[in-house]
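Student: Protein chains in written order, with our numbering: chain A, 1 to 505; chain B, 1001 to 1834.
Just so you know, the hints here were simulated from the structure itself, not pulled from any lab data. Each residue gets a CB set at the ideal place from its N, CA and C atoms; glycine is no exception. Any given hint could be a false lead.
Covered stretches of chain A (chain B as the covering partner; in silico rule of three or more C-beta atoms under 8 Å from a C-beta of chain B) [as the list claims (entries may be wrong)]: (1) 29-35; (2) 54-65; (3) 173-179.
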Amino acid sequence: MKKTFRILAILPVFAIFSCDLDLYPVTSYNEGNVTVDESTESQYSTREQMQGLRDALYNSNARDIQEKGFLDWLVYNECRADNAYCGSLTTGEIVAIEANSQDGANKNVDRDWSWYLSQLTAANQIICNIDRVKETDPSLTDQEYQEWKSEAFCWRSLMLYQMSQIWGAVPVITTIPPAITAENIEEVYDDYYPARAAIDDVYERMITDLEYAVQYAPDVNPANKFLFTKGFANGLLARIYAEKTRQDWNKVAQYCTAVEGMGYSLCEHYGDLWAYNDEDTENRNTTESIFEVQWPRSSGNWVNWMLYRNAYDPDGNYSWAKWVTPSRDLIAAYQVEGDMERMNATIKFDECTWSSYYPSDNYAFMNKVPTGATSIIVMRLAEIYLLHAEALTMTGQLTGENGAEGYVNRVRARAGLDPLPSSATQSQDAMLDAVLHERRLELALEGFRFYDLVRHGKAKEIHDSMPLEDPYWQPRYPLTEQTILMPIPTTALEDNPRLVQNPGY
Amino acid sequence: MTVRIRGASSIASSNDPLYVVDGVPVGEGSYAIAYLSPNDIESMSILKDASSAAIYGSRGANGVVLITTKQGKVSSGPKINFSAYCGISDVTKTYDVLNVDQYRDLMNEINVGVNLPEGLKDETDWFDKTYRTGISQNYQISVSNANDRMKYYLGAGYSDEQGIFRVAYNRRYNVKASFESDLFKWITVGANVAYSHYRNNGIISGTGSNRAGVVLSVINTPTYAKVWDETNPDWYWDDFYGANLTTPEENMARTENNYSETDRLLLTGYATIKFHKNLNFKSTVTMDRRWVHSFEFLDPIHTSYGRSQHGTASDTRSDDMRMVYDNILTYNNTWGGKHNFEAMGGTSATTSKWEQLSGSRSYFSPDYGNALWGLSGGNNGGQRGQSQGYAQWAIMSYLARVSYNYDSKYYITVNFRADGSSKLAPGHKWGYFPSASAAWRLSSEPWLKDVPWLDDLKLRVGWGQSGNQSGLGDYAWVQTYGTNYYNWTEEQYAQAVPTLGGKTNIGNRDLTWETTTQTNVGIDFAVLDNKLTFTLDGYYKYTRDLLMNVPMPDPNPSLFRNEGEMSNWGLEFALSSVNFNRKGFRWTTDFNISMNRNRLEKLDLQQVYYYASTSEALSESVVRMTPGQPLSMFWGYKALGVDPETGMMIYEDISGDGKISDVDKQYIGNANPDFIFGMTNTFSWKGINLSFLITGSVGNDIYNASRIEMVGMYTGANQITDVLRRWRVPGQITDIPKAGELDNLRASTRWVEDGSYLKIKNITLSYDIVHPKLKKANISRIQPYITLDNMITFTNYSGYDPEMSQWTNAYQTGIDWGTYPNIRTVIFGVNIDF
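So here's chain A without its partners, still in its complex pose (with noise of 0.2 Å):
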């Protein structure tokens, strides 16, 4: 008896121990420390939450578009065309690029599909969100409500505009989706895997949304350029009515009327738009500036260093070859022209340790990222001007202060040229000639030449005679109406069943 009950009195001791499997993560937010609305199943509701998306906007995303929304897109643009080789001859995806045998497994063309998307994804926080909190949350301010959304719009369109450029139709991005569930899942399963819009949709999107942005955005701050305004959206709009999808030249006129009035204005010098001194960059916030990207001088990007050197670090990272190598055809447009005030800035020789396209005691390199602080400016007075110009050659209004030439004039003055000469307001054709070749110099290595020449139908006879003239362009698959898009990713095909890819792919 006395045995059995010490044995019993042990027993409380090795109790059946049972553990909590109730457990949610503490390093991170998530649905256990977060208050979610079950029906719109959304983490946000106040105002100081949007104002971080807003924040994030700029802080993450846009300085995100050095590489894939900048750095890939001057490959699309320049490498395409007649401005730049490729610039890295083992760097398989540019050397295909600039081949004209791009793929769908091309690492560029993977890269920048699922960049774009997510930037859809980052501005639809915003979007899909903001009519909900300025419900829930009475301290979000009806300018706020609306500035914000604006920039998200800004954003998101500037996003599927150059989506469009390079593949075309593509998946419109719209909604955040909620879980997936055994029930819902049939639902949910369109949104989760997208398919592509119709090119017309897409457009119809852009402009829908940036014609709230015109209104609502917030007006032009010439103290800070970093910031989507009432320019920024008339300027995109005026872009996106020159490509031949919803082509209206008399829209493109009006708008680029509208940015003009904002109070913009061209530089001294052609050079001050990448000027730099010894502490900083000095093409922060210019007054031709309407969007661009900045960066503190403690923290800035990187992208310099694919592209040439950064003057505040020049030994780190130049030890191979750069991206983006302008070619001897643009150094040779420039000397023709007697341009030499914007080739100095847009091309800088230099020594370095090979000789892929130049001797390396005097290689060539772009020169439009000069330093790590340097702003990457993503739309100009000068281009609103030449873009005017061609809406101006396209409507018949050739000559005179208002016509065409105008507005030529002025940026080449500007640059330090005389005037264009009486040839060139002969003929429609002839002038818009001029206007191209003013547009190619002027915003050389910046993003704009490849589909410039695809939207006036000049791509193919420039695209394909580069190689025959000169043996360091790569040899090139003829240019084709289904080759002047890209492909989409093969990852992408295989992730989403629903999408289709491009002829010719």
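Start from chain A and add chain B according to the hints.
Tutor: Here is chain B on its own, set in the frame of chain A:
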């Protein structure tokens, strides 16, 4: 090293078996038993079928390796054992690379922007410079004793292994103590303590030489390069005239200051209470704690990466604590001398808590030879240079087992388990897994009892279910959101606080157990006085609710989902025989051969997955996974040879459209072997023992991605002498195509090789010295031995070793991609028993 029992039945979860040491589960994967010294191991056995592994629950879903360590044994007096060995290791293979003239020739043929000046000479043999003979040493001592009321075991040891690269090493100290005592007649208590401290470092592998992969850079660095730069003697040689390369010395220097130190403490305490001679209760509490400290430092001068980052340092310390609480009640009884019955029931709870803190800095001063150690020497702490991690998980289980046998002739066992895991969604956390097995000892039946040559014939059958969820993230079902941080160095954000971001995953409220159902049939045969024994097993495993991380189309994040079904079936045969045992000479053989066939049966949302993108030249994925195929199938073009007219590779155009593109790809190889086998032969005669182990694998294919970097000829990298055969003039017939064409490097059968091999893996010769004079000095035996490890390999594989694989997950095995090569070792050792 990968251990796989009966094929892979999981994709997201690990396929590693559970290691159980002295009844305590210590984890899966190689870290689990890294603390153990082989000297402390008494025996090892493997539980393969569902019924026997049932007791270990979900963590044993991939099989269980039972290890028993040495405890004290009842004998005359204390036993002391001392053993030591010293080993010499070397890399198994070398390659001939192009000399400077041949390299110049190649660079002139391909246009990759490399312009070599005149007058370069062969300066360095990179194989000699990089690989060295690794020396390893190991010393172990142990003391044990037992009497009828108490037994104890104490062991300690030290081991130091140098790798074949100068920066790779592994050092370990270990201490083990175990103790058990019958306190009173009705209670036994015991405790085990195992502590080990180990420190190691490795090299950058699994990548090409342009990203500092050491193994490939040995071949890709041209011979004109020296170790140190001529203009800057503190820098490693970095002038390659346009090629993007770094020397193997520089690549090793990238990790030479790094190390990882682990302290592992395993404490177990248990008490067994005998209520009654048939009823006892055992309660065990185990603490398994690992402190890991990893340190990295890259100086700002010697390497080009170090110069571009201005030196970096980082330090991470983590603390991983697991507690296991087991309470088991057992009843057993015998009736009428023939009926044996046992029933067992209980609970098992495991909790895990992991915490981590890390910091990093950059911008180091080179003055005084980097005198300031660690983070103290760095000026730039980054925007958020410190980070902290914390994660928990828990598993709760209830288990019951009933087993009965009649006269050791008829056996039956039934198990039932209920397991709950915190990683699974609410309402789906619990899984219920029954299993049963039965056996019939035919040889005890009256009609077989008197057959003289038949000793044992047993027929076994089993069926069971087990659950698995170990590959899931700790909070796999939870919907998580990102955090927006601000750059506080910008004036406008000096007062900013973080805000809530968008979805970083897709949560899953239906996430539940992955269940494998296994059926097993086996025969055990013993004949000729137990001199010859066979066992033959056949099994079929079917896995439902396969857990996978499913990627969604851009821009959606991925989610964990019960996504598919997979099957495995196979046959295993093992034979053990005492061939000869007379006049002091004994020869025994153990042989086993097995085959496994694996197939993915079904997938739900996404039907095709691609894995393993290897080459830097063209980033194609070489593994394609889809229902109807096994895992680790290679996907690419079929290469038909080199076109004598153009020198380009000809690929099969299946679609017939005249172009070679994605539609022309097909399955080109299978990393899974047709069958594997092993054989051990042991000879002993008057104290001399000789044993050798042969292992082999037949039918496994290997995707030799490393070879792309050795004969690809698409950058400024140096190549092996095979490229001297390359095509140069029309009409030339050869197997190496034209240089400088990326098109010749597509994922194709050109890189798929037969990895079948037969290895004489281990040869050990030992001699027991037993002498009366030694006995006087209390030494019962001195046994010197010599072992040759991984010495001889018969294979057609052209890479370093057909047994290596860069990745160990089941869905991308069989790929050689700059992986640390296997080594050959010669070991001299001695065991002394007192």
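Student: So, against the hints stated earlier in the document, which numbers end up violated here?
Tutor: none
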